[in-house]
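Chemist: Here's the letter readout for the chains.
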Amino acid sequence: MEVSVQAFANLKAYAPGGAGEGVSTLPEGATLQELLERLGIPPAVEVVALVNGKRATAATVLAPGDRVTLFPPMEGG
Amino acid sequence: MYGWCGRILRVDLTRGRVTPEALDAGTARDWIGGRGFGIHFLRKEVPPGCDPLGPENKVVLATGPLTGTAAPTGARYVVTTRSPLTGAITCSNSGGYFPAELKKGGWDALIVEGSSPEPVYLWIDGERAELRPAGHLWGKTTHETDDLLRAETHAEARTAVIGPAGERRVRFAAIMNDRDRAAGRAGVGAVLGAKNLKGIAVRGEGEVALADPAAFKAANAKYRGRFKEKTRDNPPPLRLHGTAITVVGTQSHGVFPTRNFREGQFEGWEAIYGETLTRRFLVRPKACFSCPIACGRVTRIPEGPYRGEGEGPEYETVYALGSNCGVDDLAALTKANYLCNELGLDTISMGGAIACAMELFERGLLPEAEAGMPLRWGDGAALVELTRRTGWREGFGDRLAEGSLRLAARYGAPELAMVAKGLDFAGYDPRGEQGMGLAYATSPIGGSHMRGDPAYFELLGVPVSADPHSWEDKPPVIAKWQDVFCVIDAAGLCVFFSVRYLVEPDLMIRPVGITELLNGATGAGYTPEEVERVGERIFNAERLYLLAAGFSAKDDTLPPRMLKEPMPSGPAKGMVCRLAEMLGPYYRVRGWSPEGVPTREKLAALGLL
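Protein chains in written order, with this note's numbering: chain A, 1 to 77; chain B, 1 to 609.
Next comes chain A alone, as it looks inside the complex (with noise of 0.2 Å):
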């Protein structure tokens, strides 16, 4: 299935195509933990994900055509 990437800040280079912003091909069922792996975040790069605006966990199952954000915890405002 696919499932596309947006990512910001210093995880840009682990989207697909590396500019921030692709498509990634993953098995059906995949969880977005499987997702962070396949994009080769390492594990010591903290990320807050949302599932179409959704916020997930490394547990949340996938599906087709979700469209993924990521970007790093910040202190805002």
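Hints were generated in silico from the structure; no laboratory data involved. Fair warning: this is a prediction, and the values are worked out from it, not measured in the lab. We treat Cβ as the ideally placed atom computed from N, Cα and C, and that holds for glycine. Hints are supplied without guarantee of correctness; some may be wrong.
To be verified - Cβ-to-Cβ under 7 Å is the rule here; a few derived chain B residues that face chain A:
no., residue
1, Asn234
2, Pro237
3, Leu240
4, Ile245
5, Thr246
6, Tyr315
7, Ala455
8, Val462
9, Pro571
Using the hints provided, position chain B relative to the given structure of chain A.
Modeler: Positioned in the frame of chain A, the structure of chain B alone reads:
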């Protein structure tokens, strides 16, 4: 005293006198400093019914025990006064270098009172202070005033000044320090303007004496070490792209306020967010005193009608002057930000007033003849011109200068002002971020995100994550964050470092690191529980002042748009803010009555009876 200087400067503008006073040791321990000193002195000395722009009102400008020390982000001060925008208190805070300079000059706080018959400025050269004529500075921008003050006093003096907006009592005028840092919110600059105080220049060459230098150094090394360790693999997003990178958090959650909070996602967000700012305009990041993060932005618009240099925009400005006005022209909103800095305006309330005017115009409630121009969503040129007119109170700018609530009321639609207690919201739509709704409604200054900012854990993963859409679990968390933010604002620290590195990394953010640094500096021997108690004391004292000023539980509310109009689209589609469900439990957690009044038991426990 250690950590504290033990000295306060009373500035009596009516009599033209400056008088040093001793800081009482009990006051220091019970209130820590900054925001704590602000409400302590306001309650003692300023009648809650006074005219905010009259001589009875006072302005407390207070540092904390960690201001001017090597503590990470020990850069800040707090300006407390009765607000001419809201009638509530305001405790607006700022970093830069002025606060540390004031502390190194030997001062914990300034209490500015009365009103001068002629414009004056205050020159503080270490322990000597004097009032000087400022007629020649009246009408000058903040940048011009900074240049002139340093030329007249000391080339390395640091300044905090008002611009034309403060002189003209624009109700959301800021006090600008170090040219581009703002104690921005709720009109502190208008209060100085009404007092005829154009600014303060300070030179301080001393060092803050520490009670236990070895313990302080050890705590400092420990927490700076945590920062270094974490940022080895995680370069700080705020250093890379400034706070405007936060757009990715709000836009992706569907809470990025758009067109006066009608929508929560802005189609033009990519044109105005932090990475685009970096690519197009960033000259260099800029840090405040003793800060390892450097979120500040020195920027340049290289070409076009808005060509120029300055600082910003921050996230709140990108929201207020950008998405909330439908403006995706980064050059125009950056130029409007420069104007706010130079004229001395709060960018958030400036944007709130313009967005409100644009909606009034669209609905046909505000005629073009009165506005002086069409006020169409997304018109960057109108944004820039309206900002300029507001700072000088020219034409329709005179109406915008009264703030969004008075503007909306004038045209018969007060519900279109996106405010709590009269203060414009920060850049988070509380329909998709329930905790923020409770924080806005119960903040003592009104619609601020900086009185216990739930965006950190609801949107941005700091220090941990919670569901932005849940409301049942929010009341105790919001109360705790409000108290700990009081502590941060009292200590002289910045929330950006503190909430990530100086608290325990869970939702209840115990201020362990802050306590260690405070103890090393002051020798007060606080426990984290005592420090939290000081935070709770400050928050409750602010509440008591609000109640005395005529506010009540009915003012702990949000506009009908937030409570009744479901979010039309995006991830928060269909949601409203469940404030009514949160308020009762919140009052109970706080030890307040169902009417939102602190109980005698609570006040006794906090030493406030």
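Chemist: Give a verdict on every hint.
Modeler: Each hint tested on the structure:
no.: 1; hint: Asn234; result: 5 Å, holds
no.: 2; hint: Pro237; result: 4 Å, holds
no.: 3; hint: Leu240; result: 6 Å, holds
no.: 4; hint: Ile245; result: 6 Å, holds
no.: 5; hint: Thr246; result: 4 Å, holds
no.: 6; hint: Tyr315; result: 5 Å, holds
no.: 7; hint: Ala455; result: 5 Å, holds
no.: 8; hint: Val462; result: 5 Å, holds
no.: 9; hint: Pro571; result: 3 Å, holds
Violated hints: none; the structure is consistent with every hint.
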